[in-house]
Every structure is written in C-alpha cells, then in structure tokens.
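Enquirer: One letter stands for each residue in the lines below.
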Amino acid sequence: MQSSNELRWIDYLIILIYFIFVLGIGFVLKRFVKTSADFLLSGRSIPAWIAGLAFLSANLGAQEVIGMAASGAKYGIATSHFYWLGAIPAMVFVGIFMMPFYYGSKAKSVPDYLSLRYDEKTRAFNAFSFATMTMMSSGISMYAMALLLQTIHIFDAPFRALGLPNSWVFHVSIISSAVIVLGYIYLGGLTSAIYNEVIQFFLIVAGFFPLVFLGLVNVGGWSGLTQKLPAAYVHAWRGMDNAQHNLLGVDWFGLVMGLGFVLSFGYWCTDFLVIQRAMAADSMASARRVPLIASVPKMLFPFLVILPGLIALALMNPVIQNAASPDQPNQSVQPVEIQPDKQGIIPPQTNPETGEVVKDKSGKVELDYNMVIPNMLLHYFPSGMLGLGLTALLASFMSGMAGNVTAFNTVWTYDIFKAYIRRDATDANLLLVGQLATFFGVALSVAVAYFVAAFNNIMDVLQLVFAFVNAPLFATFLLGMFWKRATGHGAFFGLISGTVAAVVHHGLTISAGSTPGVKGAWIATVHTYPSQMAQNFYTAIYAWTVCFLVTILISLFTKPRREEELKGLVYALTEKATETGGRWFMRPVPLGIGVLILTLILNLIFR
Amino acid sequence: MNIDLRFPLGLLFIVFGGLLTLFGLFTDRAIYERSLFINVNLWWGLVMLLFGGLMFFVAWKKLQAKKRS
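Going line by line, the protein sequences match chains A and B.
Note that the first sequence covers residues 377 to 983 in my numbering.
Note that the second sequence covers residues 42 to 110 in my numbering.
Be aware that one or more of the hints could be misleading.
Claimed, not checked - Short derived list, chain B residues pointing at chain A, Cβ under 10 Å:
{"#": "1", "residue": "F57"}
{"#": "2", "residue": "T68"}
{"#": "3", "residue": "V99"}
What the hints assert, rightly or not - The calculated lysine-lysine pairs, modelled on PhoX-like cross-linking and capped at a C-alpha distance of 25 Å, are:
{"#": "4", "chain 1": "A", "residue 1": "K406", "chain 2": "B", "residue 2": "K108"}
{"#": "5", "chain 1": "B", "residue 1": "K103", "chain 2": "A", "residue 2": "K406"}
{"#": "6", "chain 1": "A", "residue 1": "K952", "chain 2": "B", "residue 2": "K108"}
Unchecked claim - Which bits of chain A does chain B cover? Going by a derived footprint, with three or more residues having C-beta under 8 Å, they are:
{"#": "7", "region": "570-578"}
{"#": "8", "region": "751-758"}
Calculated from the structure, these hints are not laboratory results.
Note that this is a predicted model, so its numbers are computed, not measured.
Backbone N, C-alpha and C fix where the C-beta goes; we use that ideal spot for every residue, glycine too.
Could you build the full structure based on these sequences and the hints that come with them?
Expert: Now the structure itself:
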C-alpha cells in the first residue's frame, strides 16, 4: 500500500497515551482490591450508569465492530436486526424480569445461579463449557485482530526500521495486547476492567462518529445512500416474506424466532460476560437498570457500526441505481457486484500463506468484508484522527478481551475451584486463585490465538461448537426462573439433549452452495437452507425447542425441590421488587417500555 | 470508595482533544484531502476537549460537594 498510509508521530503518540492510560487506571484502582469479591465482583459497588456502559462495551469487541460493518456491506441495513430485533428486547427482558433473580439470589455468577436453582451437575456443565468458550473466543478475537493489523500494513515502518519482517506485527499485536489487558485486570480486577470498558465505549464513539459523519457527507446522506444502493440494502424488513426476497436469505419466522428470540435472549440473558457487569452494580435497583441503560446507546449503535459498511459499498458500487425503476419489494434480490480491487475499500480475500486471491466454487472472487472498517479509517482519516480511529479499534478489541478474561477468572474461581477443587478455601486463597486465573486466562487466549493461526479452519469448528452449546441455554433459564416445578435432572438432560439436537440438525442440513463438512450435512442432506444464516437460526430454534420440551418432560417425572428452598430464585416464590423513590422514568418498567417504543419506531423508519 | 470514573475519562479526552486541536491548528491543509477538506483534527479535537472538560468539571463539583458535607 502507498506510503501515505503510514502512521505519523501523532498517531503513535495517541496510541501510546491510551496504553499508558489503561494501565494507569489499573494502578490507581489497585488499592481498592482487598478481597476476592473486590477483585472478581467489584465488591458490588458500581453505579448503574457505569455498569450499564460496561455491559454494552464488554460485548463490543473488535469482532463485533468489524463484523457488523462487514455485515452492513454484505446484507445492508437488515443487519440492524441483530440490534433492533435481537439485542434490545432481550436486554429489556433481562433487566425487568431476570435481574431480580440473578442479583437478588446473591449468586456470584450465572453458573452459581444454576447451582442454587437446580443442582451441581447443571452448574458444572455450564461452568466448564462457559470457561472453555470464553478462552476460545478471546483467543479467536486476538487472532482476528492481530491478522487485521498485519494486513493493513500501517504499522510496518517501525518494524522495517528494526529489520523485522511484516509477520512481527502479528506477534507484537498479540503480545502487547495480552500484556496490557493482563496488567490492568491483574492490578484492579473487575473494577479496572469495567472502568476501562466505559472509557473504551466513549473512545469507540469518538473514533467512529466522525467516520460515519464524513462518509455520509461524502455519499450525500441517507438519501444519497438510497440512491446509490439497491432498495434491498436500505430496507430492514422488505422481502422478509420469503428467504429469496432478502439479502439475509432468511424468512421472517426464522429471523424472529431464531435471531429475535432464541439466539439474542440466549446471549443477553444468560451469558455471564455481560450479566457479570450488571451483577457488579451497587443495588438491586441499579442492577435492573444496567441492561436498560445499556440498551439506549445500543439502539443507536447500528448507525456507528453498520453504516460504515453501507457507505463502503456505496463507494464501491459501479452501478448507478435507476431511481425511476419500479419498486418491486417481493422479488428475488441479488447482491451488488463489486469489481475485485486490491486497493479498494472492500478488497478480495487473499490466502494468508500464499497471498493468492480466494475464489469460490463458481470461480467468483471472494471479498474480504472484514477490511471495511480499517480501510474506511484509512480512506477518511488524516494523521491525528487516524490515530484516534485506530485507538478506538484497539479499545474495542481490548474491552472484548477483558470481558472474556474477567468472566473466566470469576467462573474458574467460584464455580470450578471453590465448588469442586477446594471447598474450604479461604478468601485469601480465592483472591490468589482469581489473580492466577487472570494470568492463565490471558496465557490460554494467546495459545488459542496461535493455535487458530496454525490451523485456520479450526475457527469455524470452534464457533460451531459454541453455537451448539449456547443455543438451548435460554430454555433452561426461562423454565428455571418462571416455572417452580422445573428440576435439576430436567435442566441437565434438557441442556444435553438441546445440544445434541443442535449437532444432529447441523449434521442433517446444509446451506445452498456449500459443500458438506464443517458447513453441515456431515451425516446426510435432509434439507437445504437458502443461506448459512438461515441454517444457523433454525439450528438454534430446534435446539431451544428440544431443550424446552425435554426439561418439562423430565421435570414432571422427577421430584421437585421444596418451595422454601426456591425463595428468591423463582418468579412465583419471590416478592415482587417494588420500585419506589427516584424519578419515575428511571424505574425499570417505564424505562424498558420507553426503550421498546423507540426501537419499534426505528424499525418502522428503516422498514 | 472508588474514584469517580469521570476524572480519568475527562482527563483522557482533554489530552486527546488538546493534542488533536493543536495538531489541527498547525498542520498543512493538504492532509485533509481525505476528509473532504474538513479539518477533522481541529473540529473533533475541540468537541473532545469540551466533553472531557465537562466530565472533569462534573466530577470536581461532586467531589467538592462531598467534601463540604
């Protein structure tokens, strides 16, 4: 790439200041860490607005930012379904209905809640699978980010000066991010992670807002986008009647049930990575507000992370849309054809080893949509802002990684070490174990990153396994919190059979145009879905349904727990939280309803 | 017991905003060709400076109020 894309001193200075700053926060917060609860649970002392922004930021890893822009370029504004159909309703639900049990039960983690509500085997299953997955996903995102930084070639100059090959950008990215994240979590624990996540949130906004602004000015605003792109890209709900009529390749039922219900509620309502932030809040009222506060900026994030993808596509689209062409919503849609150009914002995919352009089965060049965000930064930002934009990207990467590491060390300490290794551990033991788990967690992530780098295809397999394990989870929690008859045996075997159902469904189905194997149909091809996304959504729907039904069935045949033991854990046996005091619009229910109405309006505007 | 998050947040934005503003004031216009000839360093630097200052001011006010009571 041309030398104008090399960074200048100001860019390096901004990045350096940021690194020093995040570590500094760890040093300042160090003196507040005295017990394991301080280190792993922030001593339950975080104000609602801070926990709320951290709740959002922990999920906003680089893969989310890069992935959403990539999806924006691939599928258009319909990507917003991940926010306006998926995340927001789930966040409102967890805040209003589920937080009273998570927070009120005094559980230390999500697996801990399962042990209180069900039994040890259900907790063990969840704790081990969760701990494994956090490390894997932390490693995968580390790998993805380091590869990206190597691919954009803007950090080459200092390495060239030292006589080191370009591949060192990859190593240095991994090692330096690992050391910094380890440093600030080791020093200040969860509080340090949360404080940094909030700062990262503001940095992401500060880095991406001007990008979207310049991009929109360039293409002539939203109306300019609608003129430069086919209608399918600028309407979220058009053509949802049939999978052939929209770019996602999904029908409305698969979308609403699979994404809107099973996957989103499964993630936002049960994943300890985000729930941990709410559980660190200073009171029940704050804990319930945390996901609701988070949902307000979440609602607006599609404009920051999806629009860059649409703008990139508009800049690349060679076809000028004919505004006079008749508007036919219920028609098969085709993606925009982009000329493969290595200097383009959406370049062709290249094999990381051979450097050759990757082509699909029909010989068409595959595009590397993940380059949208870094290339957009390079396209619009001069030195100075470029440093800030890269800092935002690095910040999102670190917040996602820190989220994984802090969730891992807590689950390891309380749900594995204390529960199964040393039941009589003192608090000093636990604090030490938590600190050690932080260290090993980061080391494991680095190992996974190199493992993924060595076996490139393993990433798809790992992500598939996550999907299998996660898909049924929400059924277990829903029944646990709202049906007092659900039993531990029911929950455990429900989870297992849900996971098995996901595996079997994947083994029997495939998406159009894919070859059997990691993409599905490795048992036999019983059904072909129009797209991989549709296959994923239906895998989740089947897994959830099987888990739901099996849990009910087995629960009815097994002995329920005595009602006294379930106080504070199940809806019917818990006193309703009455929210008094505070301004009425800050109480969970009105806040939640307000958020849902605004989300509905956004859906209507971009329908 | 913890420090007010607005202090470090404000501080970082003051530093970044200040750096960008100064850099924007003293740079050659040619580098703004990519940003549609808008001096984004100057303008966005000022916005960040303002935000950082506001955060810092609010945190300082709260601290004063706490000291008095």
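Enquirer: Would you mind marking each hint as holding or not holding in the structure?
Expert: Now the hints, each set against the structure:
At its closest, the beta carbon of F57(B) sits 6 Å from a beta carbon of chain A; the interface hint therefore holds under the 10 Å criterion. Using the Cβ-Cβ criterion of 10 Å, the hint placing T68(B) at the interface with chain A is satisfied: the shortest such distance is roughly 7 Å. With a cut of 10 Å, the hint placing V99(B) at the interface with chain A is violated, because the nearest CB-to-CB distance is about 12 Å. At roughly 23 Å between alpha-carbon atoms, K406(A) and K108(B) fall within 25 Å of each other, so this suggested pair holds.
Of the supplied pair hints, the one linking K103(B) and K406(A) holds, its CA atoms being roughly 23 Å apart against a limit of 25 Å. For the hint pairing K952(A) with K108(B), the CA-to-CA distance comes to about 37 Å; that exceeds 25 Å, so the pair is violated. Counting residues of the region 570-578 of chain A whose C-beta sits closer than 8 Å to any C-beta of chain B gives 4, which meets the bar of three, so the coverage hint holds. Judged by the Cβ-Cβ criterion of 8 Å, the region 751-758 of chain A is covered by chain B as claimed, because 4 of its residues qualify and three suffice.
The earlier numbered hints that this structure contradicts are 3, 6.
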